[in-house]
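S.K.: Got two chains here, separate frames each, mind docking them using the hints?
Single-letter residue listing:
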Amino acid sequence: MGFLKKISQLFRARAGVRQLPLGSMTVDRDGQIVTTTVSSNYPKALLHEIGKDVLVLFREARTAEMPLAEVSVNFGSLRITARELRGGAIIFLFPQTAHSTT
Amino acid sequence: MDTPHKILILDDDADWLDLCREIFAQLPSKPEIRTATSSARALGMLDSEPFRLLICDLKMPRMDGLQVLSVVRRRFPELRTVVLSGLEDEEFRSRAYALGVDLFWLKTDMQRNSKMFMDCLESLLGTTADGGFRGIQSKGLMDIIQMECLSRSSTVLRVTRGPLVAKLWLLEGELIDAEAEGARGEVAFRRILAWKSGTFENLPPEPGRERTITKPINALLLESAQAMDEIANPSSETQFFDASHRKLTWKLSLLAREGAEFVISVPPAGQGETEALGTQSTDQLAAWTRRATEVARQLGEKIEAGPLLHVTGHNLEKQLLVLSRDDKSFLIGWPPAADASQLLEQSKKLVASWDS
Numbered sequence: 000m001g002f003l004k005k006i007s008q009l010f011r012a013r014a015g016v017r018q019l020p021l022g023s024m025t026v027d028r029d030g031q032i033v034t035t036t037v038s039s040n041y042p043k044a045l046l047h048e049i050g051k052d053v054l055v056l057f058r059e060a061r062t063a064e065m066p067l068a069e070v071s072v073n074f075g076s077l078r079i080t081a082r083e084l085r086g087g088a089i090i091f092l093f094p095q096t097a098h099s100t101t
Numbered sequence: 000m001d002t003p004h005k006i007l008i009l010d011d012d013a014d015w016l017d018l019c020r021e022i023f024a025q026l027p028s029k030p031e032i033r034t035a036t037s038s039a040r041a042l043g044m045l046d047s048e049p050f051r052l053l054i055c056d057l058k059m060p061r062m063d064g065l066q067v068l069s070v071v072r073r074r075f076p077e078l079r080t081v082v083l084s085g086l087e088d089e090e091f092r093s094r095a096y097a098l099g100v101d102l103f104w105l106k107t108d109m110q111r112n113s114k115m116f117m118d119c120l121e122s123l124l125g126t127t128a129d130g131g132f133r134g135i136q137s138k139g140l141m142d143i144i145q146m147e148c149l150s151r152s153s154t155v156l157r158v159t160r161g162p163l164v165a166k167l168w169l170l171e172g173e174l175i176d177a178e179a180e181g182a183r184g185e186v187a188f189r190r191i192l193a194w195k196s197g198t199f200e201n202l203p204p205e206p207g208r209e210r211t212i213t214k215p216i217n218a219l220l221l222e223s224a225q226a227m228d229e230i231a232n233p234s235s236e237t238q239f240f241d242a243s244h245r246k247l248t249w250k251l252s253l254l255a256r257e258g259a260e261f262v263i264s265v266p267p268a269g270q271g272e273t274e275a276l277g278t279q280s281t282d283q284l285a286a287w288t289r290r291a292t293e294v295a296r297q298l299g300e301k302i303e304a305g306p307l308l309h310v311t312g313h314n315l316e317k318q319l320l321v322l323s324r325d326d327k328s329f330l331i332g333w334p335p336a337a338d339a340s341q342l343l344e345q346s347k348k349l350v351a352s353w354d355s
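Chain order of the listed sequences is A and B. Its first residue numbered 0, the first sequence is counted upward by one per residue in numbering that gives the first Met the number 0. Its first residue numbered 0, the second sequence is counted upward by one per residue in numbering that gives the first Met the number 0.
The hints are simulated quantities; they were obtained by calculation from the structure and are not laboratory data. Bear in mind the structure is a predicted one, so any value in this text is a computation, not a measurement. Glycine included, each C-beta is placed from N, C-alpha and C at the ideal position. One should not assume that every hint holds.
Claimed, not checked - Computed, partial: chain A to chain B, Cβ under 7 Å:
1. 16
2. 45
3. 52
4. 55
5. 56
6. 59
7. 63
8. 70
9. 72
10. 75
11. 94
The following block holds chain B by itself, in its conformation from the complex (with noise of 0.2 Å):
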């Protein structure tokens, strides 16, 4: 028989806690419920077992609910947050989805809505937090498309990772048409192959597609199997010269494609090389993105304004957007007359791209 999972709740009110565990108690996987009145009761017992799911309140003594968030979301990536707070400000409410919890609860409704909100706890708990296509868990996009295609489905499959969003066309098992990043058919496949995680859902089919694609997929499959393998392992030096070259100038099309003037990926201090297109200050411009990264996120920690998003920045020259992904922090410089509310959606597409 599986274990139970361990639900955290954290409130500075002893008497409310008790009406929680009895509460709770009751949700159908029945969760061994623990409680803590303090903050640094709460992360200690999180330091010593491993809990599913974390309830906390917002209005507490010494070190509220919202640095608490705060401190879990970078220490236990893998805890599932609830917020149960009495305060019906939407501010706390943009704040605690900012700091990434799964979900924001009134007390007041708690009362009101319970089955709905027993409901959610109950799906908290039981979500799995395994990698892979999101529907299909540990799933490569070659296994979800061969699927597909044995069904002998018909349909368009729609895949996002992150701002990237692109089409595969499916008709009676056979892939007529493909579409991403700018390109289309059999390109644009094996750009979508490349792509490691992200969401995938199913649209109905468009029988009227102009069909782009003949080969069979079992071949395109093996063809793009065989080039990410000689990427990533390139055998001889002339392979190894070509993969680079081939990536060198899939990045500056991919940067005249957007229109931005340069980019320099920074990966942290002492962990790699840093890599740009574009410019010839690397030296100077890393710099100032590191140190410009850093002392953002300290600044944010310190006025508990939530994670880093992105920093921009102007002169009469150039505009600059400093984007974080992964360990990395990238530099994109803008011409002057760049449209300002796009730059954030291109820099991330170009971010996102990158490295795929």
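The following block holds chain A by itself, in its conformation from the complex (with noise of 0.2 Å):
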């Protein structure tokens, strides 16, 4: 069998591999998302975990007396930045390519 053959057939519909969320949200005190711009084939759940989260951060920093006015998680090929917003956040979604400035 061709190896061209083999190469083309890779291309065929299959299962995907999930793409990092990018854009910004804002989430209330309980955690609930208020706006998104962060694309809606991203799983919403996700977007949840992620504003849940960042809640708690800000909360255990408060907890120990140490409240913060930003946050900033720094994964491998994500950073998350959030801002406090009276008790809720403002949260921004970075993917982190090759060409990424930090």
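M.R.: Set out below in structure tokens:
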């Protein structure tokens, strides 16, 4: 069987790889998403998890008597930056590629 | 005769696997090729027998390649990994490398640059994973310096340990100068010897370098070895106190030199004591550090964003940075006026020096 034929078979419809979220969102103090510019293809449940965990970071910082105005969580391929917003937060999501600036 | 290394290829396309099996069987080291068409099956095989290399596709049903690599990185850290994918998206390449893969190769390029690809695979199969300084496996820095001196070398040894860089100047087998962590001469030499791992490279000699070390190398090595033994095994209460005092002074000077306000070193819950310098709110800050690291790590796994690198935060009074090293997390506090763009590098240096 030819090599090129094999290669062409690779591109037939198959299960995909999940993209990283890009954009911003605001969450209220209960972790509910108020507005978002992240693609609707990205699972809502995961966006909700991001919002909820960001609020945990702010809340725990307040408990430690070190209230924070901004938090940034840096992963190998995504940066999450969040600003505190009266108990809620505005969250920016930046996928990191080889060409990204930190 | 050595047992051939085993390669596991994971792809949901059975025809592609047959082709790969045929091609990779031609590698010079004649590895044993095994294949799996599902992630679950591949992980099961990795659990049940040792493999040297995993070659993995990205687009797969149920559990995609990035998820597999994330699991493999945690459960089989010694396993070499290669992504062989048809996805020509820069984002996936970055995400794969962020997960620690050794090589990312496009399937289309495999045909165009097959020789180079096969060379890379052969090289990965041959790479050993033993400790020590890269280049001379299982050798300590003392051995490397002794070898250079015995062979009467003139060279500059550049030693790197994470963000820390040090240099040793050798002239015709004699150590004439050393520089590390802002120190020079014998003090710098002793600090470098305390590094347990890292990489080194030989740079061209610098015969015009000013001489700051006059003691013979063997005397220096002996003194350093004795000092390290005393710290590791204090034989009396006085020696123990002296060693602790020296360590504390060294850490305070490190803090002052970098300009940080405080450092808290937080071990995993129930494993050792929290160590703090420059703050009185140790328990509260340590609890936040532990919780923030845990929450961020779990979030990273849920959203497949790769390993956690660091967490930063700020308010009007201070800037904070959380870094993890080995099992410990470190919280470093910086004044609000500190240059934010330099904090990560400065914090990495501080953390790398902390236990050395």
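S.K.: If a hint holds in the structure, say so; if it does not, say that too.
M.R.: Hints versus structure:
A cut of 7 Å between beta carbons decides the hint on residue 16 of chain A: the least distance to chain B is about 5 Å, and the hint holds. Because the beta carbon of residue 45 of chain A sits about 5 Å from the nearest beta carbon in chain B, less than 7 Å, this interface hint is met. At its closest, the beta carbon of residue 52 of chain A sits 5 Å from a beta carbon of chain B; the interface hint therefore holds under the 7 Å criterion. Here the hint on residue 55 of chain A is kept, as its CB sits about 5 Å from the closest CB of chain B, short of 7 Å.
Using the Cβ-Cβ criterion of 7 Å, the hint placing residue 56 of chain A at the interface with chain B is satisfied: the shortest such distance is roughly 6 Å. Given the 7 Å rule on beta carbons, the hint for residue 59 of chain A holds: about 5 Å separates it from the nearest Cβ of chain B. This hint holds: residue 63 of chain A has a C-beta 4 Å from the nearest C-beta of chain B, less than the 7 Å allowed. Look at residue 70 of chain A: its Cβ gets to within about 4 Å of chain B, closer than 7 Å, so that hint holds up.
At about 5 Å, the closest approach between the beta carbon of residue 72 of chain A and any beta carbon in chain B falls short of 7 Å, and the interface hint on this residue holds. At about 3 Å, the closest approach between the beta carbon of residue 75 of chain A and any beta carbon in chain B falls short of 7 Å, and the interface hint on this residue holds. Taking 7 Å as the C-beta contact cut-off toward chain B, the hint placing residue 94 of chain A at the interface holds, the least distance being around 6 Å.
Hint compliance for this structure: no hint is broken.
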